[in-house]
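Here are the chains, one letter per residue:
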Amino acid sequence: NAGVTQTPKFRVLKTGQSMTLLCAQDMNHEYMYWYRQDPGMGLRLIHYSVGEGTTAKGEVPDGYNVSRLKKQNFLLGLESAAPSQTSVYFCASSPHRPGTGELFFGEGSRLTVL
Amino acid sequence: SQQGEEDPQALSIQEGENATMNCSYKTSINNLQWYRQNSGRGLVHLILIRSNEREKHSGRLRVTLDTSKKSSSLLITASRAADTASYFCATDRGRGGSYIPTFGRGTSLIVHP
Numbered sequence: 001n002a003g004v005t006q007t008p009k010f011r012v013l014k015t016g017q018s019m020t021l022l023c024a025q026d027m028n029h030e031y032m033y034w035y036r037q038d039p040g041m042g043l044r045l046i047h048y049s050v051g052e053g054t055t056a057k058g059e060v061p062d063g064y065n066v067s068r069l070k071k072q073n074f075l076l077g078l079e080s081a082a083p084s085q086t087s088v089y090f091c092a093s094s095p096h097r098p099g100t101g102e103l104f105f106g107e108g109s110r111l112t113v114l
Numbered sequence: 001s002q003q004g005e006e007d008p009q010a011l012s013i014q015e016g017e018n019a020t021m022n023c024s025y026k027t028s029i030n031n032l033q034w035y036r037q038n039s040g041r042g043l044v045h046l047i048l049i050r051s052n053e054r055e056k057h058s059g060r061l062r063v064t065l066d067t068s069k070k071s072s073s074l075l076i077t078a079s080r081a082a083d084t085a086s087y088f089c090a091t092d093r094g095r096g097g098s099y100i101p102t103f104g105r106g107t108s109l110i111v112h113p
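Quick note, the sequences are listed as chains R and E, same order. For the first sequence, the residue numbers in the numbering used here are 1 to 114. For the second sequence, the residue numbers in the numbering used here are 1 to 113.
Just so you know, these hints were derived from the structure itself, not from any lab.
These stretches of chain E come out as covered by chain R in the derived footprint (C-beta under 8 Å, 3 or more residues):
#	segment
1	19-33
2	38-48
3	101-111
Just so it is clear, CB atoms sit at the ideal spot from N, CA and C, and this is done for glycine as well.
Using the sequences and the accompanying hints, generate a full structural model.
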């Protein structure tokens, strides 16, 4: 099994450009999450989804949008990238209700905004 | 805001020694998890301990939980160079009391061969 796959793995954007990060999981998990990881800040939750067609805001949602049109995919969009969004983005999925069991993480997507 | 905070931020030891990392949190929890992250990789789940458990083992890992002190510790015994990684605790209480897993800033462990 591939588990959780994130694409692209690396991307460089100019300020104001838009892009979409794709997270795909093949484990039929109900719950999916997008985190960002910055040096010294740990992981911070951007948005999450408790099922197909549902999304909710996390701790740092501003500047991002998400969609979960299919159960296996969770998309993170940046409409107008800013240098403050330079970060490593991690997607995670879980079969467990939030906070009740382990998360399965992808390998990360490193985004640089110039 | 971070619910769990790991201590120390960095730890450097020799192979064969034990490594202890601590996690403190602010509000009551139902469970706490520990994850490992190798450089440039995603996080990998190590162990989950529930609020009614005081200690849990998995191989060379030993996790304790003291709900009265709102703290947990992760002990890695007989460490190996391959244990070099960052270790994160995650609680099931986020800001505003949400049940979304909330991670600390992590402890960076270096094990010298």
